[in-house]
Amino acid sequence: MGKLKTYGLAILTLGAIMIGNARAEIFPYTYQTHTLDNGLKYIMIPMETPDLVSYFSIVRTGSRDEYEPGHSGFAHLFEHIMFRGTKNFPGDVYDEMVTRLGADGNAYTTDDYTCYHMTFTSDDLEEVAMLESDRFQNLDYDKAEFQTETGAVYGEYRKGRTNPYSVMFEEISDLAFDKHTYRHTTIGFEKDIKAMPQMYDYSKSFFRRYYRPENVVLLIVGDINTGRTSSIIQQYYGNWTPGYQSPQIQTEPPQHGARSRVVQYNGRTLPILDIAYKGPAFTADKKDFAALEVLGELAFGENSDLYKRLVIQEQKVEFVTASFQKTRDPGLLHVISMIRSEDDVDYVRQLVFDTLERYKNQPVDPEKLQELKSRETYGFLMNLDTPSNVANNLARYVALSGGVGVVDVYFQDMQRLTPEDIMQVAKKYFAEQSRNVIILEGAQE
Amino acid sequence: MRQVGRLLVIGMVLLSMNVIARGGQSVSDKQTVLVPVQNDPTISFRIWFRAGSQNDPAGKEGLAFVTASMLTEGATTSRSYEEVLAALYPLAADYRSQTHVEQTIIAGRVHKDNLDKFYPLFTDAILHPAFEREDLDRIKSQTLNYLQNSLRYSSDEELGKAALYHFLYQGTPYGHEPYGTVQSIESIALEDVRAFYQRYYTEPNVVIGVGGGYQSSLVQRLQQDLGQLPDHTVQQPGPPQPRPIHGKQVLLVEKEANATAISIGFPIDILRGSREWYALALANSWFGEHRNSSSHLYQVIREDRGLNYGDYSYIERYPNGGSRTKPPQNVSLRRQLFEIWIRPVPNDTRHFVLRATVRELQRMVEHGLSEEDFEITRQFFSKYVLHYAPTTMARLGYALDDVFYHVDGSHLENLRTITPDLTREEVNRAIRKYLQFENMKIAIVTPDAESFKEALISDEPSPIQYSTPKSEEVLDEDKLIMEYPLHIKAADVRIVPVEEMFEE
Numbered sequence: 001m002g003k004l005k006t007y008g009l010a011i012l013t014l015g016a017i018m019i020g021n022a023r024a025e026i027f028p029y030t031y032q033t034h035t036l037d038n039g040l041k042y043i044m045i046p047m048e049t050p051d052l053v054s055y056f057s058i059v060r061t062g063s064r065d066e067y068e069p070g071h072s073g074f075a076h077l078f079e080h081i082m083f084r085g086t087k088n089f090p091g092d093v094y095d096e097m098v099t100r101l102g103a104d105g106n107a108y109t110t111d112d113y114t115c116y117h118m119t120f121t122s123d124d125l126e127e128v129a130m131l132e133s134d135r136f137q138n139l140d141y142d143k144a145e146f147q148t149e150t151g152a153v154y155g156e157y158r159k160g161r162t163n164p165y166s167v168m169f170e171e172i173s174d175l176a177f178d179k180h181t182y183r184h185t186t187i188g189f190e191k192d193i194k195a196m197p198q199m200y201d202y203s204k205s206f207f208r209r210y211y212r213p214e215n216v217v218l219l220i221v222g223d224i225n226t227g228r229t230s231s232i233i234q235q236y237y238g239n240w241t242p243g244y245q246s247p248q249i250q251t252e253p254p255q256h257g258a259r260s261r262v263v264q265y266n267g268r269t270l271p272i273l274d275i276a277y278k279g280p281a282f283t284a285d286k287k288d289f290a291a292l293e294v295l296g297e298l299a300f301g302e303n304s305d306l307y308k309r310l311v312i313q314e315q316k317v318e319f320v321t322a323s324f325q326k327t328r329d330p331g332l333l334h335v336i337s338m339i340r341s342e343d344d345v346d347y348v349r350q351l352v353f354d355t356l357e358r359y360k361n362q363p364v365d366p367e368k369l370q371e372l373k374s375r376e377t378y379g380f381l382m383n384l385d386t387p388s389n390v391a392n393n394l395a396r397y398v399a400l401s402g403g404v405g406v407v408d409v410y411f412q413d414m415q416r417l418t419p420e421d422i423m424q425v426a427k428k429y430f431a432e433q434s435r436n437v438i439i440l441e442g443a444q445e
Numbered sequence: 001m002r003q004v005g006r007l008l009v010i011g012m013v014l015l016s017m018n019v020i021a022r023g024g025q026s027v028s029d030k031q032t033v034l035v036p037v038q039n040d041p042t043i044s045f046r047i048w049f050r051a052g053s054q055n056d057p058a059g060k061e062g063l064a065f066v067t068a069s070m071l072t073e074g075a076t077t078s079r080s081y082e083e084v085l086a087a088l089y090p091l092a093a094d095y096r097s098q099t100h101v102e103q104t105i106i107a108g109r110v111h112k113d114n115l116d117k118f119y120p121l122f123t124d125a126i127l128h129p130a131f132e133r134e135d136l137d138r139i140k141s142q143t144l145n146y147l148q149n150s151l152r153y154s155s156d157e158e159l160g161k162a163a164l165y166h167f168l169y170q171g172t173p174y175g176h177e178p179y180g181t182v183q184s185i186e187s188i189a190l191e192d193v194r195a196f197y198q199r200y201y202t203e204p205n206v207v208i209g210v211g212g213g214y215q216s217s218l219v220q221r222l223q224q225d226l227g228q229l230p231d232h233t234v235q236q237p238g239p240p241q242p243r244p245i246h247g248k249q250v251l252l253v254e255k256e257a258n259a260t261a262i263s264i265g266f267p268i269d270i271l272r273g274s275r276e277w278y279a280l281a282l283a284n285s286w287f288g289e290h291r292n293s294s295s296h297l298y299q300v301i302r303e304d305r306g307l308n309y310g311d312y313s314y315i316e317r318y319p320n321g322g323s324r325t326k327p328p329q330n331v332s333l334r335r336q337l338f339e340i341w342i343r344p345v346p347n348d349t350r351h352f353v354l355r356a357t358v359r360e361l362q363r364m365v366e367h368g369l370s371e372e373d374f375e376i377t378r379q380f381f382s383k384y385v386l387h388y389a390p391t392t393m394a395r396l397g398y399a400l401d402d403v404f405y406h407v408d409g410s411h412l413e414n415l416r417t418i419t420p421d422l423t424r425e426e427v428n429r430a431i432r433k434y435l436q437f438e439n440m441k442i443a444i445v446t447p448d449a450e451s452f453k454e455a456l457i458s459d460e461p462s463p464i465q466y467s468t469p470k471s472e473e474v475l476d477e478d479k480l481i482m483e484y485p486l487h488i489k490a491a492d493v494r495i496v497p498v499e500e501m502f503e504e
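If you're matching them up, the sequences are chains A and B in order.
Numbering-wise, the working numbering puts 233 at position 233 of the first sequence, and it's gapless, one number per residue.
Numbering-wise, the working numbering puts 220 at position 220 of the second sequence, and it's gapless, one number per residue.
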């Protein structure tokens with residue numbers, strides 16, 4: 001391959017994007033979406049990145065789908081088990097083949113989906129499709145391999161447990177949810193992880209129910225020929241048998257009162273305050289989430305009045321931030337702050353409450369709103385510069401909605417937001433009765 | 001905090017278009033590194049000052065870090081920090097600092113549409129910092145919180161690695177981490193920051209890096225503007241000469257924890273650029289490629305035995321390994337180390353895992369890579385390096401490091417062209433020349449350190465119990481591992497309570 005070809009960049013089309021213009025589409029690349037007869041959807045996004053392809057297999061199953069008591073953590077466990085190979089390509093053979101490809105591959109698990117990703121040279125597309133389709137259809141692992149992998153998962157839990165934020169998210173999830181599976185974090189309850197080695201048979205059933213073509217979306221981005229790619233996908237995935245079984249997830253009943261909990265963390269930390277409200281599910285047909293994202297930035301971002309007051313002027317907190325994750329079912333809208341002194345926890349908490357009240361009752365400055373729309377859109381586009389960055393930025397949208405089209409809807413919604421819209425979502429979602437508060441305190445000297 | 005580990009750095013491809021421009025006019029006689037990518041709608045800046053923690057005055061460790069933070073997280077003479085944030089906000093752009101041992105980088109990225117508004121903010125931060133007391137108070141508080149809480153208590157593996165670096169380089173300018181110590185940070189005053197800035201933020205001490213879809217006039221303007229910096233030269237300390245290590249010296253950081261983090265290292269006398277370095281890099285890729293299941297150590301400790309989350313090795317410093325998958329840029333050193341990172345293992349397996357790790361190192365040193373391992377790794381590594389720098393910002397970082405290491409051509413290009421050309425003999429020769437298994441420093445974060453010390457000194461067998469079945473092959477090898485002699489002397493084991501780490 002020639003050097004110049006190799007060094008080309010993928011972002012030519014980005015230069016043509018004008019923020020706030022009349023174009024309907026924000027997403028700068030053309031793409032094709034196809035569905036095989038067995039229900040497998042695949043999305044192809046050609047980019048001018050000679051030689052590089054990112055291949056994301058998005059399983060629309062995450063810890064949300066672990067609805068059976070005592071079985072939390074299995075979606076994440078499969079992120080590990082999936083590397084154990086098949087009869088066609090046993091684990092060591094699979095490892096060697098992937099190693100020879102020099103692919104940049106890994107996997108991660110979230111509340112709503114599990115993502116297996118590889119970036120590799122375009123010549124290797126067919127081999128990757130063959131390997132990936134094989135393990136998704138024919139995963140094979142024995143009990144000893146399964147049990148060894150559960151040990152690695154417990155190691156991961158131990159590693160994460162030293163982090164106060166891991167403890168905080170465990171606690172806030174447990175506090176806020178009574179019925180829904182968002183009550184446990186993605187890695188699962190420790191008691192369930194400890195018990196995993198005895199759940200070999202259950203793991204097989206988990207795989208049979210969820211790893212099915214109707215529940216998987218392939219996102220293939222980069223230096224691809226769409227015709228050839230379609231042929232490859234048809235060839236290697238066409239015989240995959242459907243059979244997805246939806247999880248029986250209980251709907252979370254409405255919360256009828258504020259909840260709070262003080263949590264002791266074994267290590268040292270400054271106090272951490274997490275105020276979380278029940279939010280909406282992310283759907284393409286409502287602009288609530290676009291309004292919430294804007295609200296979060298306006299109220300708690302680096303340019304907000306509260307940030308300037310608490311972080312820069314009074315210096316009472318290390319940081320304050322909003323974290324409004326898009327989720328498949330109604331999730332949590334977090335406002336998180338690390339506070340320098342325990343004496344100021346109540347003060348900061350009240351300021352967060354007051355801030356939200358203000359946004360319920362006062363329209364935001366239209367100029368600030370316009371600046372933020374510009375920032376959000378530029379920020380999104382600037383991150384679409386490589387195949388893996390494009391795929392990474394799309395993965396959650398694809399997992400939640402099943403496609404890429406929702407991206408344009410989302411950013412179009414954002415462009416249309418008015419100060420009144422921001423007030424409406426503030427009133428709708430930041431009610432005292434759906435509020436959950438965790439105060440995490442470190443060990444004393 | 002905005003500084004450590006938050007630069008816009010991800011992955012990679014190869015680089016051909018970097019031009020090291022040394023102009024002859026009055027404003028262009030400083031070094032400028034360019035990575036033009038005309039179809040890139042963004043522009044990346046990396047402004048490199050040859051100043052890092054090695055330049056911290058005694059008792060003021062962390063000063064380089066704090067000074068850089070004051071530039072990027074503080075007021076300028078024309079704008080308060082709040083006004084800076086407000087001006088940057090709609091641009092979807094910002095600038096950040098990264099301070100390591102030998103380098104400080106002020107980096108920023110902006111869409112071309114917003115360049116005219118971004119540029120004066122960016123250069124103002126570098127040229128006209130106000131050094132306000134309230135900004136210093138905030139930055140010091142954040143740094144102290146990191147040292148006293150985050151580093152000591154929230155990530156044992158980062159703590160273990162920081163402890164190793166401190167242990168390895170003590171008594172040299174590399175002997176403290178960029179963020180200093182609790183006492184040194186507390187002692188830093190505005191006059192210290194001003195003095196450091198005046199001494200090191202000079203025109204001869206800067207290398208300008210620009211990448212992306214910029215126009216040449218931008219480079220000239222930047223050269224001209226940074227030409228306003230003082231023109232005195234800076235005397236740099238020589239590369240550190242750590243004291244020779246005799247035997248296995250162990251630092252046990254006593255801390256209540258449900259798992260034990262292990263870091264091992266020793267200095268190596270080789271830097272990127274030479275063919276031998278690429279041979280050693282290939283060997284290291286086989287032994288412990290970062291965050292990759294192809295790593296041999298990963299296979300032995302995690303895959304076969306399920307004892308932890310991962311096990312890796314390095315021939316260059318690799319800060320914030322827990323939060324990145326590809327090598328960082330602009331953390332260059334004139335004296336590198338070989339390092340092994342064992343992610344936390346159950347406490348009752350700590351002795352066994354330490355033995356297994358050193359034993360595998362010995363096996364590699366004595367036997368080298370087999371023909372099969374060499375061939376697979378060569379194939380893997382030749383392609384894997386293509387992922388190191390897919391973005392302009394990352395390629396710009398590599399191009400600056402080429403200047404640091406005086407690389408003939410481009411390191412990224414070398415990785416791509418030399419690696420496939422290496423022979424097994426070259427690789428195994430590099431292993432024998434640069435690696436060894438007898439003299440090393442070991443930092444371990446663990447509870448009940450006294451009993452571990454006794455076990456290490458006695459070299460008593462460390463049998464392992466698994467909660468899950470293991471193959472006969474693994475169990476047979478375990479019998480060898482559990483009795484593998486480490487030969488650690490009592491005088492070479494030191495215990496430090498975690499509360500004392502990074503205190504002074």
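These aren't lab readings, by the way, just hints derived from the structure by calculation.
Since the model is a prediction, treat every value here as computed from it, not as a measurement.
Any given hint could be a false lead.
Calculated from the model, a selection of chain B residues having no Cβ within reach of chain A, i.e. all distances over 12 Å [claimed, not checked]:
1) Leu88
2) Asp113
3) Gln142
4) Glu256
5) Tyr318
6) Ile418
EDC-like, lysine to aspartate or glutamate: derived pairs with alpha carbons at most 16 Å apart [as the list claims (entries may be wrong)]:
7) Lys308/A with Glu503/B
8) Lys143/A with Asp304/B
9) Lys41/A with Asp178/A
Ideal Cβ positions, reconstructed from N, Cα and C, are used throughout, including at glycine.
Hint check results:
1. Not every Cβ of chain A is farther than 12 Å from the Cβ of Leu88/B; the closest lies at roughly 8 Å, contradicting the non-interface assignment.
2. Under the 12 Å C-beta cut-off, the non-interface status given to Asp113/B relative to chain A is violated; the minimum distance is some 8 Å.
3. For Gln142/B, the condition that its CB be more than 12 Å from all CB atoms of chain A is violated, with the nearest at approximately 6 Å.
4. Distance check on Glu256/B: its Cβ comes as close as 7 Å (rounded) to a Cβ of chain A, failing to clear the 12 Å threshold; non-interface status is violated.
5. For Tyr318/B, the non-interface assignment is confirmed: its Cβ lies about 16 Å from the closest Cβ of chain A, beyond the 12 Å cut-off.
6. At the 12 Å boundary, the C-beta of Ile418/B stays outside the reach of chain A, the nearest C-beta of that chain being 15 Å off.
7. The suggested pairing of Lys308/A with Glu503/B is violated, with an alpha-carbon distance near 31 Å, which exceeds 16 Å.
8. Straight-line distance between C-alpha atoms of Lys143/A and Asp304/B comes to about 14 Å, which keeps the hinted pair within the 16 Å bound.
9. Under the criterion of a C-alpha separation no larger than 16 Å, the hint pairing Lys41/A with Asp178/A is inconsistent with the structure, at around 34 Å.
Going down the numbered hints, you'll see the structure goes against 1, 2, 3, 4, 7 and 9, while the others check out.
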